[in-house]
Structure formats: structure tokens, C-alpha cells
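S.K.: Which chain is which? The protein sequence lines are A and B, in order.
Residue numbers are given in UniProt numbering: position 126 of the first sequence equals residue 126, and the series is strictly consecutive.
Residue numbers are given in UniProt numbering: position 129 of the second sequence equals residue 129, and the series is strictly consecutive.
Check each hint, because a few of them may be wrong.
Chain A stretches covered by chain B per the calculated footprint, using a threshold of three residues with CB under 8 Å from any CB of chain B [as the list claims (entries may be wrong)]:
(1) 100-109
(2) 195-204
(3) 355-362
(4) 380-387
(5) 405-415
Residues from chain A that keep clear of chain B, each with C-beta distances beyond 10 Å, as calculated [stated by the list, open to error]:
(6) K55
(7) D210
(8) P295
(9) S345
(10) R469
(11) L478
(12) L490
In case anyone wonders, no lab produced these hints; they're calculated from the structure.
Every residue gets a Cβ at the ideal spot worked out from N, C-alpha and C, and that includes glycine.
2 protein chains.
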Amino acid sequence: MHPFARASQALQDVRQPGFETVNLQDELRAIVGANNVIAGADADPYLVDWRGRYKGRAQAVVRPGNTEEVATVMRLCHQHKTPVVTQGGNTGLCGGATLDESGDAIVLSLSRLNTIRAIDIDNDTLVVDAGCTLSTVQEAARNVGRLFPLSLAAEGTCTIGGNLATNAGGTQVLRYGNARDLTLGLEVVTPEGDIWHGLRGLRKDNTGYDLRDLFIGSEGTLGIITGATLKLYPRPAAQRTAMLALDSLDNAIRLLAHAKSGFGPSLTAFEVMAGSVLHDVVRLFPPQRLPFEGPSGEAPYFALLELSDMEGEAHAQAQFETVLGAAMEDGLVLDAAIAENLTQSKAFWHLRESVPLAEANPGKSIKHDVSVPISAIAEFVSAADAALKACFPTMSTIVFGHLGDGNVHYNVSRGADQTEEQVVALTKEVYAIVHDIAHRLGGSISAEHGIGQHKRDELPRYKHAVELRLMRQIKTALDPHNLMNPGKVLPQADAR
Amino acid sequence: MHPFARASQALQDVRQPGFETVNLQDELRAIVGANNVIAGADADPYLVDWRGRYKGRAQAVVRPGNTEEVATVMRLCHQHKTPVVTQGGNTGLCGGATLDESGDAIVLSLSRLNTIRAIDIDNDTLVVDAGCTLSTVQEAARNVGRLFPLSLAAEGTCTIGGNLATNAGGTQVLRYGNARDLTLGLEVVTPEGDIWHGLRGLRKDNTGYDLRDLFIGSEGTLGIITGATLKLYPRPAAQRTAMLALDSLDNAIRLLAHAKSGFGPSLTAFEVMAGSVLHDVVRLFPPQRLPFEGPSGEAPYFALLELSDMEGEAHAQAQFETVLGAAMEDGLVLDAAIAENLTQSKAFWHLRESVPLAEANPGKSIKHDVSVPISAIAEFVSAADAALKACFPTMSTIVFGHLGDGNVHYNVSRGADQTEEQVVALTKEVYAIVHDIAHRLGGSISAEHGIGQHKRDELPRYKHAVELRLMRQIKTALDPHNLMNPGKVLPQADAR
């Protein structure tokens with residue numbers, strides 16, 4: 001950018017002294033090098049989320065090259081009281097990594113912190129930079145014959161730092177837990193620009209408060225996660241996948257209990273999809289097809305079940321036949337299709353992964369990411385269906401999600417009599433209906449996507465006042481100047 | 001107690017106005033009933049830890065009957081600025097539930113909060129009062145055909161609230177994690193006497209800061225855990241136990257890797273004991289005996305390995321033979337004794353559980369509860385052995401512990417030329433040697449027992465200053481008057 005252009009842009013911005021903007025950028029360049037302070041049009045990709053729903057403005061985009069540089073940048077921002085929005089792969093769904101319109105903040109991109117720092121096979125741990133993509137981490141584990149089980153659709157782009165900041169979920173939570181459960185240690189830069197060296201690789205450490213789990217899931221509002229020590233697992237010797245046709249959500253719950261008891265920890269995924277959305281997938285994305293002929297293909301629900309066996313193909317097959325055979329005999333399952341090879345298994349997963357694309361097809365829908373106790377899933381769906389039918393009789397609903405975790409993606413689609421704009425305008429009203437029901441059943445309004453700015457102002461309706469006060473006390477104690485990702489997670493009234 | 005006696009006792013205590021003591025006790029009686037405010041000699045059992053190492057004085061011992069009463073007591077204490085030491089089963093090892101000598105504080109015993117509140121089988125969760133003993137919780141799970149896997153020596157006496165306050169470990173951590181990993185939700189009374197209703201039974205909930213894991217392991221210094229929602233697991237269909245004779249700690253590590261890979265999540269325990277201490281067990285506690293004849297019985301190390309199989313006896317047996325057979329062929333194991341029935345299995349576990357008693361026999365020893373990365377265990381033991389041999393040539397060392405978690409109980413015993421008093425006097429010096437080595441190897445000075453008052457003043461030596469500052473910021477934010485278990489966990493200089 002021409003110096004004059006920059007100065008004139010700064011002068012146009014009455015919210016901040018023009019010369020300070022120039023000085024901050026110069027100071028940032030002195031820390032990370034001129035190439036790694038991005039301004040002007042080059043900064044645009046960092047200022048909007050990948051779905052284009054949130055846009056903001058920044059003083060600069062900074063890309064430090066290591067933890068020390070992150071700390072130095074943070075010290076500078078602390079000195080200038082400049083807010084910092086940390087960004088990983090920018091794949092979030094709640095606007096948690098997008099700035100506000102003020103232009104006061106900087107984007108701190110961790111994309112250059114992308115080294116696998118250490119692997120300890122005997123300890124089954126991996127130490128990584130926060131900016132490594134999730135697939136880089138998975139691959140590093142695979143290269144030493146181990147499994148890093150976190151897995152989700154954005155894994156080629158999202159970073160492990162972002163996964164930790166949002167406590168990401170995905171398809172293997174049933175067996176291995178969320179990102180939090182896969183982490184032993186963290187390295188964090190504090191709002192003052194200090195480095196907390198907490199990269200411990202210990203399964204047991206009871207020496208004080210659990211800072212690790214406080215930073216995990218705090219969406220960049222308490223500090224900057226720059227590195228992590230992650231757990232590795234043995235790779236399964238064999239995997240089996242099945243699609244099961246089910247006549248009700250109640251039977252899906254019963255089948256889940258049956259599978260958990262029969263397979264134990266070998267059950268690594270249990271996904272459920274409404275039949276209607278699978279028919280949309282098949283219609284929209286040929287040559288995909290359901291692995292069922294005749295009436296089974298018309299079932300109202302389908303489950304995708306994955307077994308990860310430590311022994312081998314023969315044992316996996318025998319296990320599958322025993323447990324699923326019993327489920328069929330007990331009438332829990334209408335029909336079962338067992339993948340006979342990796343290609344078929346991938347085809348089953350492809351059906352599941354195509355669901356979000358299919359339900360996006362008729363235009364904007366109103367999406368939910370709720371969780372409820374597994375025992376309340378069927379009640380949640382029938383209560384939400386009934387309440388919406390009463391208010392919006394032409395709109396239709398779709399259920400799919402991680403049933404094994406109680407996590408339901410419940411989407412409400414446009415009626416034939418509605419325009420897209422009308423659907424968007426109803427979002428708040430539909431949210432209130434669906435979230436109220438989830439809340440009444442002991443559920444959560446954000447199972448795995450986080451709060452960001454998207455659901456921030458809904459928190460006071462669902463979060464106990466004492467809990468919000470505790471959160472605010474912690475935020476104020478650790479970040480008294482509200483420099484870390486301001487306007488995220490904590491409701492505005494609570495964000496000082 | 002005669003009213004005059006109480007008044008005269010209060011007048012003797014120059015540190016507080018006599019009448020206020022009387023008033024506080026009266027006010028407490030009005031909340032919990034006269035029978036549940038204990039003073040005088042009846043209070044003595046609450047004022048000393050079970051090993052008799054820590055003694056304190058209290059204004060009163062209060063036993064509220066439910067969460068509301070806990071909150072009302074806490075509001076009263078907040079008003080009077082009276083410190084509160086929460087007590088469960090009083091089985092801690094670090095003086096975390098024992099008061100100081102000032103007599104300022106009250107003991108808040110949760111023993112009357114002992115109800116199993118709810119069981120949700122489909123959701124695999126259990127909601128319990130904090131004062132339930134661990135064995136009560138285990139039994140409630142067993143009664144509905146489920147497993148609550150936390151298991152430790154004090155389980156008949158310790159309470160789940162204490163387990164959570166200290167993030168207890170035990171023998172099943174390798175597979176199921178610490179107390180923290182087994183918990184989904186908490187109910188907590190804050191220092192102001194508010195109740196945080198956080199008893200969520202959700203596997204996924206990303207709606208704000210992880211307060212649950214902050215309270216877990218904070219040893220009563222941030223609030224009072226009054227209830228918890230716990231995870232249940234399927235009960236294994238069969239279990240197998242083996243004792244294995246090993247020629248080195250290195251081979252124990254290799255065997256652990258082999259067993260993790262071969263058994264996967266069915267490996268539920270992997271304990272290691274030095275041969276010398278098992279010989280002590282056999283000598284001191286007849287008719288216990290080692291399950292080995294000849295040279296195998298003289299091995300320097302033994303492992304106790306447990307397999308929990310979801311399929312049944314035949315599969316467990318086949319698995320055991322395959323995986324342990326391969327270990328013997330590879331020379332990892334000198335000899336193996338497989339329990340043929342439950343009685344033999346219990347006998348093997350009894351050997352393990354007798355180790356602490358045996359090593360207490362020659363008089364007071366200096367005990368450690370360290371963890372290091374599993375890859376560093378052998379180096380830790382040889383370095384600590386060498387350093388101690390150089391300083392204290394007549395003292396001997398014993399290794400046993402939860403090898404699968406990297407958790408080593410490393411105990412240093414009296415030399416023939418030393419008195420018990422001399423050993424006790426050396427504690428600080430020996431601690432420094434052993435803890436410095438664990439720390440250098442990336443380890444922890446308290447793997448599972450916590451900090452309490454026992455290891456509090458060691459923290460500044462081993463804890464990063466930034467981490468201590470973050471802990472202090474949180475403590476000050478949540479408990480600005482330092483009412484919750486003062487003098488515990490945070491080093492004195494840091495405790496305001």
C-alpha cells in the first residue's frame with residue numbers, strides 16, 4: 001500500500017488517532033517482519049468468515065512466526081490497549097474469529113505456527129503448534145502408527161488451535177470425547193503477553209487449578225493458545241461400518257444402548273439421519289444411493305454405525321454379526337446394510353457428510369446445534385416438531401446428528417409459501433421455540449459449535465445467572481482490559 | 001457443653017470476640033438444627049486428618065442437610081467473613097480438609113448430603129449428592145447394571161465430593177481417566193452463598209467457560225461442590241488378571257505399549273511393583289504368596305495387568321493368551337501367572353493393595369506421588385536412585401504405582417543406621433532431590449493426591465510463575481475474601 005493511501009485511510013477513521021495506527025503497524029512490522037503485517041485488500045480474507053455472514057475491520061493482520069513473536073505482539077497490544085482476535089483456519093460457524101466493525105482490533109493469525117514439535121511414542125503424545133491444520137496433526141499420528149481421533153468436516157483447513165479454542169466435537173466423540181478430552185497440555189500467551197509453559201504430557205497431575213480446560217473452549221477470550229500436547233491412541237486393526245434402517249427415533253435410542261453394551265469402547269460412531277434428508281441427498285447428488293431396496297429404503301430414520309476393532313477383520317466381522325444380528329432379532333432394526341469393503345464404508349460416510357449440503361439446497365434454513373440427554377432426544381424432536389408445526393405449518397424439519405453424544409442438528413426449512421428472506425426473518429422466533437424446548441429438557445443451545453458472536457446474546461436466556469457471573473469474574477480477572485476477542489462468548493451487558 | 005464453658009472458652013480466645021463465636025454457633029443452629037452444629041470434644045474427629053498428621057481448631061463443625069442449607073451457611077459465613085473448610089470422608093493425604101490453628105474457620109461436613117438423586121440409564125448418567133461415599137456411588141451404578149469406574153483404596157469412606165475436589169485417580173485411570181473425566185455436571189455453592197445449578201448430563205456443551213473442570217481439583221478453595229452428574233459405563237462381561245515377572249523397568253514400559261496396542265481399551269489396569277516390596281508383603285502378611293516358583297519369583301519387577309472384556313469369558317481368555325503369549329515370545333516377560341478364577345484375581349490385587357502397608361512397616365518412610373511421561377519412567381527411577389544413593393547410601397527405595405498413567409509412588413525408607421526421627425528430618429531434602437528429577441523430566445510432584453497444605457509451599461519451586469499468577473487471579477476473582485479453605489493449594493505468599 002502507498003504510504004499516502006495508508007495515512008489518508010487512517011485520517012478518515014475518526015475513532016482513532018491516525019498516527020497511532022501507523023505506529024502500531026510499524027511496531028508490528030519490527031516484530032514479525034514487513035511481509036507478515038497485512039493491510040489493505042490483502043487483509044480481506046481474514047476479515048470475513050468463510051460463509052460470509054460476519055464481516056469486520058482491523059488495524060492490521062499480523063502473522064507471527066513463533067510463540068515468542070506472539071508474546072511480543074501481545075505485549076505491544078497490551079501496552080496500546082489494542083484488542084486481539086486470534087484466528088486459525090477461519091472455519092468457525094459462530095463468527096468467533098471475525099472482528100467487529102470498529103476497526104480497533106488486530107487479527108492475529110497463527111497460520112505460520114505450523115510445526116509438529118515433538119512425538120513421544122512411548123508416552124503416546126504429540127506436541128504441536130496451534131496453527132497446524134487438524135489433518136496435519138492426524139497425519140503426524142498416522143506416520144508413527146497412532147491415531148489422533150479428532151475428526152470433522154473442516155479438518156483440511158481448520159487448525160488444532162481453533163479446535164481447542166472451541167472445544168471441537170465431530171464424529172468420534174462417542175468414543176474419544178471432544179478436543180478437550182484429547183489434550184494433556186497447553187502453551188498459552190496471556191493478555192499481558194506472558195507465556196504460560198503448560199505443555200505437560202502427563203495423564204495425572206493434581207498440582208493446582210485446571211487452567212488447561214479453562215482456556216480450551218474459551219474461544220480466544222482469555223488468552224492465545226500457541227501449542228498443545230495431545231493424546232495419541234492405537235490405530236484399530238479393522239473397522240466395520242453399517243447403515244441401519246429404523247422405524248422410529250425411540251428404536252434408534254434403544255439400538256444405541258444395545259450397541260454400546262455389545263461393542264463397548266469399540267463403538268466409535270453412531271450417527272442418525274432422517275430418511276427424508278437422505279432421499280434429498282440421493283436425489284441431489286447422483287450417483288449416491290441408499291444401500292436398501294424396497295420398503296427399508298422408505299424408513300423414517302437411518303443410523304450409521306462404526307466399529308473400530310483392535311483385533312482384526314475376522315473378529316470385527318464376527319462382532320458385527322453377533323451384535324447387529326441380535327438387534328434385528330429384537331426388532332430394533334428394520335434392515336441392515338454392512339459395508340463389505342472400504343469403498344462401501346466410504347460411500348456410507350459420504351451419504352452422512354452430504355446431509356448438510358442437501359439441506360442447504362432448498363435455500364437458507366434455520367440450523368440448530370443442540371444437545372439433550374440421550375434419554376430426551378425423542379421427546380425433544382417430537383416437542384419441537386409439534387411446536388413448529390403449530391406456528392409455521394408449512395415449514396419442514398430435518399433431524400440428523402451425533403446421536404451417541406445426544407447432539408442433534410435440527411434444521412428448519414423454508415415452506416413453499418415462504419421466501420428466503422422470510423425464513424431469515426423468522427430465525428430469532430424459531431431459535432426461541434427450539435432452544436426453549438432443548439433447555440427445558442436439560443439441554444444445551446450449542447453442543448459443539450460454540451457461542452462466538454452468533455449465540456452470545458442468547459446466553460442470558462439459558463445460562464444460570466450465577467454461571468454467567470462466574471464467567472464474567474474469570475474474564476475480568478484474566479483480561480481486565482477486555483483485549484482478547486472482545487464481544488465474543490460473554491453477553492454484551494456482561495462484557496463490560 | 002455448659003453455656004459458661006462455651007463463654008469462657010471464647011473469652012480465652014483473644015483472636016476473636018467471644019460473643020461473636022456464640023452468635024455464629026446460634027445462627028448456624030438456626031439453619032441446620034442444634035444436633036448438626038458440633039462443638040467441644042465431639043468435634044475432634046473433624047479436626048484431625050485420618051493419619052493424625054494435621055490438626056486444627058474450629059469455631060464449629062456444621063453438618064447441613066441439603067444444598068439450600070449449605071448455601072445459607074455459606075451466606076452467613078460470607079457475612080461474618082468466616083472461613084469455611086469443606087470436609088467429605090476426611091481421607092485425604094495432604095491435609096486439604098484440615099483447618100489451621102487459628103480457630104477462625106468452621107468445618108462444613110457434607111456427610112448428610114448422601115442421596116443418589118437420579119439415575120438415567122438411557123443417558124448413562126447418575127446424579128449424586130457430594131456426601132455419598134464412593135462405594136455408594138459404585139453400588140448405585142451396579143444396581144442398574146452399569147459401571148462407575150472410579151476405584152481407590154479409601155472407597156468405603158471417601159466421598160464423591162472429596163474425589164471431585166481432589167480430582168482423585170486410582171487404579172482404573174488408564175482406561176477411564178481421573179474423577180474429572182467421569183463427570184459431566186456439578187452443583188456448586190459459591191463463596192457468596194449462591195448455588196450454581198450446573199448438573200447437566202450432556203456429553204457436548206460448548207456454551208461458555210469450563211467452570212466444571214475449574215472447581216474439580218480446586219480442593220475446596222473456590223467453592224463447595226454439593227452434587228455431581230457422573231458418567232456410567234457398561235459393565236464388562238468378563239475380566240482377566242495376570243501377574244507378570246519382568247527383568248527391568250524398561251521391559252515394563254515395552255510391555256505396557258504391547259498391551260495397549262493388543263488389548264486397546266480393554267486394558268483397564270497396568271500396575272507395577274518392585275520385587276523387593278512384594279517380598280516384604282509376602283513375609284509380613286502370610287498367607288499371601290507370590291504366584292511364582294523358582295527364579296521368576298526373584299524378578300526385580302512385577303506387573304499386575306487387568307483386561308476387561310465386553311464379550312465374555314472365552315474371548316477374554318483367548319485375547320489374554322494371544323497378547324501375553326506374544327509378549328513372552330518377544331522376551332518382554334520372564335514369566336506369567338494368569339488368575340484362573342475370581343479368588344486368584346482378588347489375591348493378585350490383594351498383593352498390590354498390601355504394598356503401602358508393607359512399606360509402612362519398617363517405620364516412617366518418605367513417600368512421593370510423582371508422575372512423569374511414560375517414556376521417562378525408567379530414567380526417573382535410575383536418576384533418583386543414583387542421586388539418593390550418593391547422598392544417603394544406607395536408605396533404600398521402593399517403586400510401585402500406576403505405570404499405565406506414568407504415576408510412580410517412589411518411597412524412600414530408613415537405613416539401618418537411621419532413627420525414624422532422622423528420616424522425618426530428611427523429608428525436605430529428599431523431596432527436593434526426587435521432585436527436582438521428576439520436574440526436570442517434565443513430571444509432576446503430585447500426580448493424584450493433590451496439594452492441600454502438605455505440598456503447598458513446594459509449588460513455587462516447580463510451577464511456572466505465570467501459572468501461579470493465573471491461579472491467584474482466579475482465586476482472588478472468585479473468593480476475594482479468601483474464605484474457601486484458606487491456606488490450601490496456593491502458596492502462602494500467593495494466598496493474599
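S.K.: Run the C-beta distances from D210(A) to all of chain B and say if the shortest one exceeds 10 Å.
M.R.: About 5 Å separates D210(A) from the closest Cβ of chain B, which leaves it inside 10 Å; violated.
S.K.: At 10 Å, judged by beta carbons, does S345(A) keep clear of chain B as stated?
M.R.: The claim stands: S345(A) keeps its Cβ more than 10 Å from every Cβ of chain B (closest is about 20 Å).
S.K.: Using Cβ atoms and 10 Å as the threshold, tell me whether L478(A) really stays out of contact range of chain B.
M.R.: violated, 6 Å
S.K.: For the region 355-362 of chain A, do at least 3 residues have a Cβ located nearer than 8 Å to some Cβ of chain B?
M.R.: Violated - the region 355-362 of chain A has 0 residues with a Cβ nearer than 8 Å to chain B, which falls short of three.
S.K.: Checking a non-interface call: every C-beta of chain B should be farther than 10 Å from the C-beta of R469(A). Is that right?
M.R.: violated, 8 Å
S.K.: Is the nearest Cβ of chain B still more than 10 Å from the Cβ of L490(A)?
M.R.: violated, 8 Å
S.K.: Cut-off 8 Å, C-beta pairs, minimum 3 residues; does the coverage of the region 380-387 of chain A by chain B stand?
M.R.: violated (count 0)
S.K.: Decide, holds or violated, for the assertion that all CB atoms of chain B are farther than 10 Å from the CB of K55(A).
M.R.: holds, 24 Å
S.K.: In terms of Cβ atoms, is chain B entirely out of 10 Å range of P295(A)?
M.R.: holds, 28 Å
S.K.: Establish whether the coverage given for the region 100-109 of chain A by chain B is satisfied; the threshold is a Cβ-Cβ distance below 8 Å, and no fewer than three residues must meet it.
M.R.: violated (count 0)
S.K.: Are 3 or more residues of the region 195-204 of chain A near chain B, judged by a Cβ distance of less than 8 Å?
M.R.: With 9 residues in contact (Cβ-Cβ under 8 Å with chain B), the coverage given for the region 195-204 of chain A holds.
S.K.: Taking a Cβ-Cβ distance under 8 Å as contact, does the region 405-415 of chain A have three or more residues in contact with chain B?
M.R.: The restraint on the region 405-415 of chain A holds, since 3 of its residues have a Cβ under 8 Å from chain B and three suffice.
Checked against the numbered hints above, the structure violates hints 1, 3, 4, 7, 10, 11, 12; every other hint is satisfied.
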